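Engineer: Each chain, letter by letter, is given below.
Protein chains: 4
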Amino acid sequence: MKKLAAGIDIGGTNTAFGLVDREGNMYAEAVVPTTDFPDLDDYIQELYITIEKMLKTAGPDVELAGVGIGAPNANYYNGTIENAANLMWKGVIPIVERMKRFYPQLPVIVTNDANAATIGEMIYGGARGMKDFIVVTLGTGVGSGFVSGGRLIYGHDSFAGELGHTIVKAHGRQCGCGRKGCLETYASATGIKRTVYKLVADEIAPSSFRDVPFSKMTAEMVTKAALEGDPLAIQAFEYTGEMLGLAIANAVAITSPEAVFLFGGLAKAGKYIFEPTKRHMEANLLYNYQNKVKLLPSAIDDKNAAILGASALVWESLGEV
Amino acid sequence: MKKLAAGIDIGGTNTAFGLVDREGNMYAEAVVPTTDFPDLDDYIQELYITIEKMLKTAGPDVELAGVGIGAPNANYYNGTIENAANLMWKGVIPIVERMKRFYPQLPVIVTNDANAATIGEMIYGGARGMKDFIVVTLGTGVGSGFVSGGRLIYGHDSFAGELGHTIVKAHGRQCGCGRKGCLETYASATGIKRTVYKLVADEIAPSSFRDVPFSKMTAEMVTKAALEGDPLAIQAFEYTGEMLGLAIANAVAITSPEAVFLFGGLAKAGKYIFEPTKRHMEANLLYNYQNKVKLLPSAIDDKNAAILGASALVWESLGEV
Amino acid sequence: MKKLAAGIDIGGTNTAFGLVDREGNMYAEAVVPTTDFPDLDDYIQELYITIEKMLKTAGPDVELAGVGIGAPNANYYNGTIENAANLMWKGVIPIVERMKRFYPQLPVIVTNDANAATIGEMIYGGARGMKDFIVVTLGTGVGSGFVSGGRLIYGHDSFAGELGHTIVKAHGRQCGCGRKGCLETYASATGIKRTVYKLVADEIAPSSFRDVPFSKMTAEMVTKAALEGDPLAIQAFEYTGEMLGLAIANAVAITSPEAVFLFGGLAKAGKYIFEPTKRHMEANLLYNYQNKVKLLPSAIDDKNAAILGASALVWESLGEV
Amino acid sequence: MKKLAAGIDIGGTNTAFGLVDREGNMYAEAVVPTTDFPDLDDYIQELYITIEKMLKTAGPDVELAGVGIGAPNANYYNGTIENAANLMWKGVIPIVERMKRFYPQLPVIVTNDANAATIGEMIYGGARGMKDFIVVTLGTGVGSGFVSGGRLIYGHDSFAGELGHTIVKAHGRQCGCGRKGCLETYASATGIKRTVYKLVADEIAPSSFRDVPFSKMTAEMVTKAALEGDPLAIQAFEYTGEMLGLAIANAVAITSPEAVFLFGGLAKAGKYIFEPTKRHMEANLLYNYQNKVKLLPSAIDDKNAAILGASALVWESLGEV
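Protein chains in written order, with the working numbering: chain G, 1 to 321; chain U, 322 to 642; chain V, 643 to 963; chain D, 964 to 1284.
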């Protein structure tokens, strides 16, 4: 019997499912519109039904090993989703307890997206065999997961790992969280757009971005412009690397990881983001960490990353790491 | 016989003329395309011909008192225009000597635009009767003229009065002059656009400017947006006033003027520019200057300001001040 | 039989010993001059001899549970002391392996001082029962230990936990480590002296410190002066708290601890250090951490802290936590 | 008949007198304790008596050309000393009018010390023949005098020329004037002491100043230490030059002088102050001022400078320049 873990990625619009084996091979997939289920009971039942359907699809010789769920505002300890702004169901949702009614013998785990990505990296990706590493997700915001001694750092309340909300510049940019100078305001997809605008203000070099309004700009455009030699785009990556490199160096001084993985949109910019980030990371590292910490692209950063990450929670909970 | 001064404003595209009496009344006007005269001799002759035509237009009982010329890169002492990037004639142009051939008995004076505006303010405008004042022109760039003891400060080489190129922020914005942090990069029409972009980068408040590319933005749009309550536009004026107020306060500590006049595009923004500039000027003034220096809009800031300023050079040279 | 752990604190000048029970009671103590033993073999033997002497002193019904050692530059994983500048023996010292020859059946552990203090806090002190907390030692330098999920974070190379060398101010004060802006340059005993001098430079308020040369100033004098109302001393604690509070807030975002303990000289300044540090920590915390993290004085911060910390390593290794 | 000008330097402790010819030769000197004359009438009479005594001493063929007075808080236009904190006589002292009672036919002029030093430089010193220059006095505070077109810039209220209170660093050091970041807090004798303390805080390089309390330090000690290679002393001059060079560059952009003279204690440090000031001045100058403005030591900076400066006011008022 082939053991498969169900990975569920709960988003405000869609819920994506996959059945994944210990090596990260996908045996079945499904998508359900989250918004079709305003009633939580209906939604939970749909999760169960979809898993069962996928098991049938996957064939006769498979067996469910457990259910892993990635969701916004997830509390790993309590197995709950708490006051998620993007979901319809308000308050605290005891998602693990509800799923357990269907699978009382199996592990059911919930955690947030960045943590799921981190476990995914450890189970299937570039961090296989590592016991101390960091995953930084550079998307609309900046998320992160820290693994120390082979275990994810959850903290006393399950909300550890907010590298995106460490302050890299006192009195810096206004963050959506209400404070100023968070890494997220510099090193996210939105952050690099803000940096391009800062450079339009500070510099007089010609740039295609002088013709682009903020609302139409994307991080991909910045990568493309860098590729074409736009001086402001190249400088924007330099500045992003300066901020990200500093934040990572400070994180390294706390958990001393073997490697740091960059995941998500901005990480796709390749050398444009890795080169300055690496350089500024090294420049800000204490001597005994220098030239030791690998800065790597995530090895599972594809369209199924969220499902894979969620499914990995099952293997990790089974100690099969 | 009514005495009239000829005022000539030499620009890269057009040359504008006026005949003006001691009170600032215009008796005749003319415009000639500068670019029609690639040969300097032809151009000088055209200046003469145009002045003579205007004198005829102005009537029988008028008499020319002298010729005042406002031009870029003018050297007051030498009566020359030196290496002006926007004009066709290269090198050093001895414009005063050449005009003197036509009017050997009359005063012929050349100076730069900001100085001409300053003399205009003194002869016809809000500085009448003042012996110590400053005029700051807030246009595409920032120019200035300083009057001390009733005389314009020309300095030993005729190039004094560059408030726009005093440095208000060390390592600040890149200026077209090659240095960083010049007042001009903050307090000009371009400067406030740069500030709006800086604020789009620093802040998350909604703003109409998130939809406007830099190349399409104008200083007038910032004023209009401020009027409509756009938070970034209001903040942009606040920041402009912070930089301009500091630069003016430092200038006051040097020449202790009775008043500072703001002239040009940004000065049209009224309270939006005057209120924060005044507040920051006072906050940065040494106690014995506080609450003494008037911050005023120019009284001759209209479409004929350049011609009026140039003509005023004549009355000033005749000592009729 | 009463089980006792030997705690050994290896310093450049002296080596201090204690026999400690599970509750932190001291049954015997000893001190040996480190410098008396230039030969490492002699030194190791002396460690053994001293432990055995103490066991006799402690009485007939005691039994050694293991040996815990706190030492500079200790590598926990390898059981070594590596290139410690303050010790006579050069290179890598395999201290655990050598002690194991005397106690092959017992746990022998070595780690650095800050980690030992952290384990001490967990076993005997204010962190009993906590699984997620941080200890920050504010001495000549700034050390730290992070406990996550009940285990100390050692990192992949045993050198994790250098909060003192996270950079809190880009291009800030020169640190002995060769970089600039490390927390240690602000929040250590030397750091607050530097801050007093910075304030003498920045401010004109009267202060007793205008009569004190840097080489004669101590952190205790700053506390005393604050108590007497010296404005610069009070401001120095405010600034120290600003820097320390920021660094702690950033660390909280990574490990989400239940509490942060301050230990060492500066921590003795009581409200002068705790009040501003707490205030700035809260101001820099992401909202979901605010008003949750306790900032506490260490409960074992006395003259025997180093021995206690070292002995605690034994209980921790035995899983008796 | 040799014409001689009386120069009087009024200080809080002593009043110094001299009789000086047009070339700056001293024919007689005297000193009177200012504090001996709490009654203003007595003091004025003593000024007269002392001048007359000196005239007798100077010989039979001399004639008084006028009286020049340097005094704190002097108002040149009104001929008054206004609310000088260091003098016994409170309120507004009409010193010119009172002296005129004794010398109704002669010029009597009062101005402040920095202006007197500036006129002295023009009449007897390095600025002979110059029409546009600046004198900066680097003493306990920073004073300055600006000459434009051969005339001192007094401003509309006689209080122009406060370069020491232009702000060179926003939110910088607290100044005695109540504001922050004035040049005086960086480039005066006290300023460089403050800079040494700042460097003790920022740097870890060894320095003799780590053993010197602020209250015992002097600017001369900094010069001496620089001479001996003390790295912090050399860095202190570098930083002083950075601030002074910036302030001078900004002043040059306003009055475009031929030369800037440094006078007073710090100016005695020779290359230590001139080299970095010159370098930073050039780096901050607009291109059309670069490599044109001379930075020179005052040529009359000796013990009689104040008397000479005061006497020079007479020659300047007589138009004998």
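In case anyone wonders, no lab produced these hints; they're calculated from the structure.
Careful: at least some of the hints might be erroneous.
[As the list claims (entries may be wrong)] Dumping the calculated SDA-like pairs for lysine to any residue here, alpha-carbon to alpha-carbon at most 20 Å:
| # | chain 1 | residue 1 | chain 2 | residue 2 |
| --- | --- | --- | --- | --- |
| 1 | D | Lys1132 | U | Arg600 |
| 2 | V | Lys773 | G | Lys294 |
| 3 | G | Lys131 | V | Asn720 |
| 4 | D | Lys1132 | G | His171 |
| 5 | U | Lys323 | U | Arg343 |
| 6 | D | Lys1094 | U | Pro354 |
| 7 | D | Lys1179 | V | Glu724 |
| 8 | V | Lys858 | D | Val994 |
| 9 | D | Lys1094 | D | Ser1280 |
| 10 | V | Lys695 | V | Val673 |
| 11 | V | Lys934 | G | His171 |
| 12 | V | Lys936 | G | Asp157 |
| 13 | U | Lys452 | U | Leu427 |
| 14 | D | Lys1179 | D | Glu1191 |
| 15 | V | Lys858 | D | Ala1133 |
| 16 | U | Lys411 | U | Gly333 |
| 17 | U | Lys490 | D | Ala1133 |
| 18 | V | Lys695 | V | Ala672 |
| 19 | D | Lys1016 | D | Val994 |
| 20 | G | Lys278 | V | Thr676 |
| 21 | G | Lys90 | V | Pro848 |
| 22 | U | Lys624 | U | Gly333 |
| 23 | U | Lys490 | G | Asp202 |
| 24 | U | Lys323 | U | Leu427 |
| 25 | U | Lys501 | D | Asn1251 |
| 26 | G | Lys180 | V | Ala812 |
| 27 | V | Lys773 | V | Lys934 |
| 28 | G | Lys294 | G | Arg279 |
[Stated by the list, open to error] Distance windows between CB atoms, simulated:
| # | chain 1 | residue 1 | chain 2 | residue 2 | range |
| --- | --- | --- | --- | --- | --- |
| 29 | V | Tyr719 | U | Ala604 | 17 to 27 Å |
| 30 | V | Ala812 | G | Lys271 | 50 to 60 Å |
| 31 | U | Lys624 | G | Lys271 | 31 to 41 Å |
| 32 | U | Ala526 | D | Leu1190 | 48 to 58 Å |
| 33 | U | Asn612 | G | Pro231 | 41 to 51 Å |
| 34 | V | Gly961 | U | Glu524 | 49 to 59 Å |
| 35 | U | Glu524 | G | Thr13 | 21 to 31 Å |
| 36 | U | Lys490 | G | Lys224 | 29 to 39 Å |
| 37 | V | Glu917 | U | Glu524 | 25 to 35 Å |
| 38 | U | Lys613 | D | Lys1053 | 21 to 31 Å |
| 39 | U | Glu524 | G | Arg151 | 31 to 41 Å |
| 40 | U | Glu524 | D | Lys1231 | 47 to 57 Å |
Just so we're clear, the structure is a prediction, and the values are computed from it rather than from any experiment.
The beta carbon of each residue, even a glycine, is placed where N, CA and C say it ideally should be.
Engineer: So, for every hint listed, does it hold in this structure?
Structural biologist: Results for each hint:
no., hint, in the structure
1, Lys1132(D) <-> Arg600(U), "18 Å, holds"
2, Lys773(V) <-> Lys294(G), "29 Å, violated"
3, Lys131(G) <-> Asn720(V), "16 Å, holds"
4, Lys1132(D) <-> His171(G), "18 Å, holds"
5, Lys323(U) <-> Arg343(U), "9 Å, holds"
6, Lys1094(D) <-> Pro354(U), "39 Å, violated"
7, Lys1179(D) <-> Glu724(V), "44 Å, violated"
8, Lys858(V) <-> Val994(D), "43 Å, violated"
9, Lys1094(D) <-> Ser1280(D), "15 Å, holds"
10, Lys695(V) <-> Val673(V), "12 Å, holds"
11, Lys934(V) <-> His171(G), "23 Å, violated"
12, Lys936(V) <-> Asp157(G), "13 Å, holds"
13, Lys452(U) <-> Leu427(U), "25 Å, violated"
14, Lys1179(D) <-> Glu1191(D), "19 Å, holds"
15, Lys858(V) <-> Ala1133(D), "33 Å, violated"
16, Lys411(U) <-> Gly333(U), "12 Å, holds"
17, Lys490(U) <-> Ala1133(D), "8 Å, holds"
18, Lys695(V) <-> Ala672(V), "9 Å, holds"
19, Lys1016(D) <-> Val994(D), "12 Å, holds"
20, Lys278(G) <-> Thr676(V), "42 Å, violated"
21, Lys90(G) <-> Pro848(V), "58 Å, violated"
22, Lys624(U) <-> Gly333(U), "17 Å, holds"
23, Lys490(U) <-> Asp202(G), "12 Å, holds"
24, Lys323(U) <-> Leu427(U), "15 Å, holds"
25, Lys501(U) <-> Asn1251(D), "16 Å, holds"
26, Lys180(G) <-> Ala812(V), "16 Å, holds"
27, Lys773(V) <-> Lys934(V), "15 Å, holds"
28, Lys294(G) <-> Arg279(G), "12 Å, holds"
29, Tyr719(V) <-> Ala604(U): 17 to 27 Å, "58 Å, violated"
30, Ala812(V) <-> Lys271(G): 50 to 60 Å, "24 Å, violated"
31, Lys624(U) <-> Lys271(G): 31 to 41 Å, "54 Å, violated"
32, Ala526(U) <-> Leu1190(D): 48 to 58 Å, "56 Å, holds"
33, Asn612(U) <-> Pro231(G): 41 to 51 Å, "47 Å, holds"
34, Gly961(V) <-> Glu524(U): 49 to 59 Å, "52 Å, holds"
35, Glu524(U) <-> Thr13(G): 21 to 31 Å, "28 Å, holds"
36, Lys490(U) <-> Lys224(G): 29 to 39 Å, "32 Å, holds"
37, Glu917(V) <-> Glu524(U): 25 to 35 Å, "31 Å, holds"
38, Lys613(U) <-> Lys1053(D): 21 to 31 Å, "22 Å, holds"
39, Glu524(U) <-> Arg151(G): 31 to 41 Å, "39 Å, holds"
40, Glu524(U) <-> Lys1231(D): 47 to 57 Å, "50 Å, holds"
When the structure is compared with the earlier hints, violations turn up for hints 2, 6, 7, 8, 11, 13, 15, 20, 21, 29, 30 and 31 and for no others.
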